[in-house]
Structure formats: C-alpha cells, structure tokens
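Trainee: These are the residues of each chain, in order.
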Amino acid sequence: MYQFNLHVILGYLHLLPFAIGMTLLISVQTIVLSLAIGMVGAICRLSDNLLLRFLAGAYVEVFRNIPVLVLVYIVFFGMAQVGLRVSNYYSGLIALTLNGSAYMTEIFRGGLIAIPRGQYLAGESQGMTQLQLYRYVILPQVIRIIYSPIGNQFIAIVIGSSLAAVIGVEEVANWMFSVGNDTFRYMESFLVAGAVYVALAQTINVCRIIVGRTLMRAPGPR
Amino acid sequence: MRKINILLAGMLALIMAGSSALSAKAQQSNIYADVKSRGTLRIATVAGNPPYSSVGTDGQPTGYDVDIGKALAEALGVKPEFIIVDVPGRIAALQTNRADVTIANFTATTQRSTAVAFSRPYVVVGSVFLTQDASPVKTVEDLNNAKYKVAYARGATSEQTTAAVVPNAQKLRFDANNDGILAVQSGQADSVFMDSLQAAAVVAKEPGKYRILPGNFSYEEISIGMPTGDFDWWRIVDGWVAQFNASGENNKLFKQNFGFDNPSLKGDKP
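Quick mapping for you: the protein sequence lines, in order, are chains A and B.
Residues in the first sequence are numbered from 1 upward in steps of one, following the UniProt record's numbering.
Residues in the second sequence are numbered from 1 upward in steps of one, following the UniProt record's numbering.
Any given hint could be a false lead.
[As the list claims (entries may be wrong)] Computed Cβ-Cβ distance ranges for the label pairs, DEER-style:
1. A/Val198 to B/Gln111: 28 to 34 Å
2. A/Ser148 to B/Pro167: 47 to 53 Å
3. B/Thr96 to A/Asn205: 28 to 34 Å
4. A/Ala114 to B/Ala163: 51 to 57 Å
5. B/Gly208 to A/Ile113: 54 to 60 Å
6. A/Ala195 to B/Glu74: 41 to 47 Å
7. B/Thr114 to A/Gly212: 49 to 55 Å
8. B/Tyr32 to A/Asn205: 48 to 54 Å
9. B/Lys209 to A/Val8: 51 to 57 Å
10. A/Gly21 to B/Gln111: 41 to 47 Å
11. A/Val40 to B/Gln256: 53 to 59 Å
12. B/Pro167 to A/Val198: 52 to 58 Å
13. A/Val82 to B/Ile83: 32 to 38 Å
Keep in mind the hints are simulated off the structure, nothing from the lab.
Just so you know, even glycine gets a beta-carbon here, dropped at the ideal spot from N, CA and C.
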C-alpha cells in the first residue's frame with residue numbers, strides 16, 4: 001500500500017513560488033500573443049484576398065493539428081539542427097503561441113461569422129467608416145460571443161505550459177518532476193502540482209470574468 | 001425514508017466488508033504468488049534509453065534491460081509484460097504495485113532504498129560528460145563556465161554531481177538521457193552528463209562525432225528494483241541475479257546490446 005506523506009514535500013515548497021511565477025509568465029505571454037495573432041488570423045481567414053485566406057487557413061490547420069509536445073521538440077531541437085538555437089524558455093513560448101493562436105483564430109472567426117450580415121449593412125447605411133463599423137457595432141458583439149470559448153482557451157494554455165518542462169523550463173511541472181526525483185514522493189508532488197494548476201487556471205478565469213464584467217457593462221444613461 | 005435508511009446501511013456494510021477484504025489481502029501480499037497466478041511478470045522499464053531499453057521500430061521494447069527482463073521471466077516460468085514508464089515512474093510503478101520489478105538502468109542508492117528494494121547489481125557504471133568532438137571544451141574545468149550549458153536527466157545524483165563539479169555552467173534538465181544527447185547533437189547544450197557505458201556506446205556508434213571528457217564522477221550499481229516489504233520476492237530475484245552474473249548469460253546479453261564485454265563482471269566471468 002502506498003503510504004501518503006505530504007510532510008517530505010514541505011522542504012521544497014519554497015521553490016514553488018518561482019515555479020508558479022514562471023508558469024504565469026509563460027502563460028500570460030502566450031495568451032497576449034495568441035490573442036493578437038488570433039485576431040489578425042481571423043480577419044485574414046475571412047478576407048476577400050484569396051492568398052491571405054489560404055495562408056491563414058493553412059496556419060490554423062497545421063498548428064492546431066500538431067500536439068504542443070511535438071511543437072516544443074520541433075522548435076527546441078529541430079530548429080537547432082538547422083542552426084537556429086532558441087533558448088528553452090522562448091522555445092516553449094513559441095510552441096505554445098503557435099498552437100494557442102491557431103485555436104484563437106478559429107474562436108475569433110466563429111465570433112465574426114456569427115454576426116448577421118444585416119448588422120454590417122445597417123452600420124454602412126448609417127454612413128459609418130469600416131473602422132467605426134467594427135469599433136461600435138461588430139466587435140462589441142463579437143467579444144460577447146467569444147468570451148466563454150476564449151476562457152477555455154486561456155485554461156488550455158495554462159495547462160499546456162506544463163509541457164515546457166520537457167525542455168527544462170523551470171515552471172510548475174518541472175518543480176513537480178524535480179521534487180519527485182529528489183524525494184521519491186511522486187504521488188505527493190503530482191497532487192501538489194495538480195492543485196497548483198487548478199488554482200492558477202481559476203485565477204486566470206476569475207481575472208477574465210472581472211475584466212469581462214467591467215468591459216461589457218451595459219452602457220448607463222447619459 | 002425507512003427504505004433509504006436500510007439501503008444506506010446495506011451500502012455501508014458492503015463498503016466495510018470490501019475494505020476489510022482489501023486490507024487482509026495487503027497483509028499476506030506475496031508478489032511471487034501473484035506473478036504465478038497471473039502468469040506474467042510485470043516489468044517496468046523506460047523508453048528512449050538505448051542500449052539499456054528503448055522502443056523498437058516494431059513498437060516492441062528492446063535493449064539490455066529488456067533482455068534481462070525476458071530472462072528473469074523465463075527463469076520464473078512466466079511471460080514478461082513490459083510497462084513503459086518515465087524516470088519518476090520507475091519508483092512510482094513499484095510503490096503503487098503496478099509492476100513487480102523495475103529493470104531500467106536503475107541505480108541502487110541508500111536514499112532510493114528507503115522507497116524501494118534493490119537486488120545485487122548486474123552492471124556497475126560511472127557518470128561522464130559527453131561533448132561533440134568538435135567542441136572547444138577539453139576538460140571538465142573548461143566546462144565549468146557560465147557560457148556552457150550542461151544537460152542531464154532529472155534526478156538527485158545528477159543534480160548533486162553537476163552542482164559540485166560544474167557549479168558555474170548553465171543547467172538544462174530533461175526527462176530522458178536521449179533528450180540530453182539530442183541537445184548536444186543539435187547544439188542546444190555543450191555537454192551531457194550521463195551513464196559512462198551508454199556514453200561509450202554513443203561514441204562507438206558514430207566514430208569521430210562525440211568525445212568523453214576525462215574523469216569519472218560516480219559509482220553506480222545498476223540493480224533490479226522491487227517493491228519493499230516482500231522479503232521472499234527479494235530473495236528470489238536477488239538469487240537469480242547472482243546466477244545470471246556468474247553463468248555468463250549476463251555478459252552474453254550485455255555484449256549483444258553494447259558491443260563490448262560487461263566491464264563490471266571481470267571477477268566472476270566463468
């Protein structure tokens with residue numbers, strides 16, 4: 001029978017804040033980059049330009065269909081084989097962003113095509129410029145539609161960041177493996193890491209909800 | 001309401017009966033009896049660690065450790081069943097009773113002995129630093145420099161030795177030795193700290209590509225791991241290893257996989 005003993009892990013808890021910081025850093029950077037690339041990607045996917053549409057489509061289909069673990073290896077080891085040596089942190093960031101932005105593109109695209117054609121026509125009939133049309137009519141609605149799926153993607157990115165441990169990025173999964181290896185209390189380190197990931201994912205989720213409440217408050221009387 | 005109470009009481013009784021049956025089984029646990037009644041020996045081994053163990057192109061595990069597992073199962077008159085685990089899994093698989101033995105380039109250490117049991121060693125190795133032959137690094141002293149990166153598989157012994165020998169070098173931790181070698185090959189690391197015999201096999205495989213820095217930094221008795229608390233099981237496996245070492249079978253399997261004689265068997269080769 002496995003004797004559970006969390007006590008042994010206590011000596012390693014002081015290393016955990018750094019690991020959590022690293023997980024948060026790589027996750028938040030990935031989220032910001034994926035949002036930006038995803039937005040551009042979605043606009044390209046819906047563009048009238050055939051080349052842009054093809055390129056964005058190919059980007060999504062390639063990077064959405066390669067597991068992050070494989071991407072991490074390709075960026076870190078594969079690119080180094082042809083002389084492009086990216087450090088392990090940036091390899092992890094690039095791999096996570098390639099995958100995350102492919103999903104974000106699809107989420108944004110889903111939001112954009114959910115807006116009925118009439119909304120565009122209505123905006124144009126009011127004499128709005130393209131910028132005004134998107135700023136005041138389309139995007140506020142798109143944000144409401146994609147808000148939940150984007151939350152899923154944020155959590156997927158936080159959880160996916162654990163794969164950076166395979167190339168030695170010193171985040172929470174790396175802490176988990178190292179502590180397990182040092183103490184041989186693997187189950188305990190797995191459970192602590194699992195709890196940390198739940199907390200991190202929930203933190204990001206709560207932030208998203210708070211930001212959403214503020215951004216999407218119904219306009220008050222003028 | 002009454003019916004629900006009766007139902008609940010019944011369920012409680014069932015759960016209690018179940019748990020007492022489980023604890024009774026745990027007390028008289030005998031791994032050998034389980035192996036015999038199951039007809040298979042569950043062997044935990046790692047992938048991506050040639051020539052000790054790796055997964056072949058046909059999806060079947062292959063290598064020195066795998067051959068040892070097959071020989072042990074044959075001696076016990078059962079079929080081998082390989083469970084591929086990672087480095088942490090070597091201990092976890094035994095602790096959680098998912099494997100009967102771990103044969104996976106597994107060094108017996110005092111610290112590990114508090115978590116699992118070990119047989120006598122079937123091979124003794126050291127640890128060395130491997131670099132590309134073209135590397136400017138000639139000695140371990142050269143390597144102890146913040147501009148160089150040293151890769152190794154996560155583990156207490158590698159962690160301590162690299163911290164003591166090359167404290168100034170940057171460290172790059174991986175799950176498997178193969179990733180460390182790949183890092184050196186691709187230029188992501190300047191050196192990998194690894195098993196000496198495995199390093200010798202890497203050098204022999206591609207002559208002129210790699211070089212081992214002078215110096216040996218550990219003494220590691222590679223042994224078969226078992227769950228703790230079953231003395232009879234330990235006695236059976238340990239006795240088998242003694243026979244395996246002395247009969248020449250060990251050297252035969254070693255040579256098949258490494259291409260040279262098992263250097264730790266010099267004394268007791270027949």
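Trainee: Tell me the hint numbers this structure goes against, listed in increasing order.
Mentor: The structure conflicts with hints 9, 10, 12, although it agrees with all the remaining ones.
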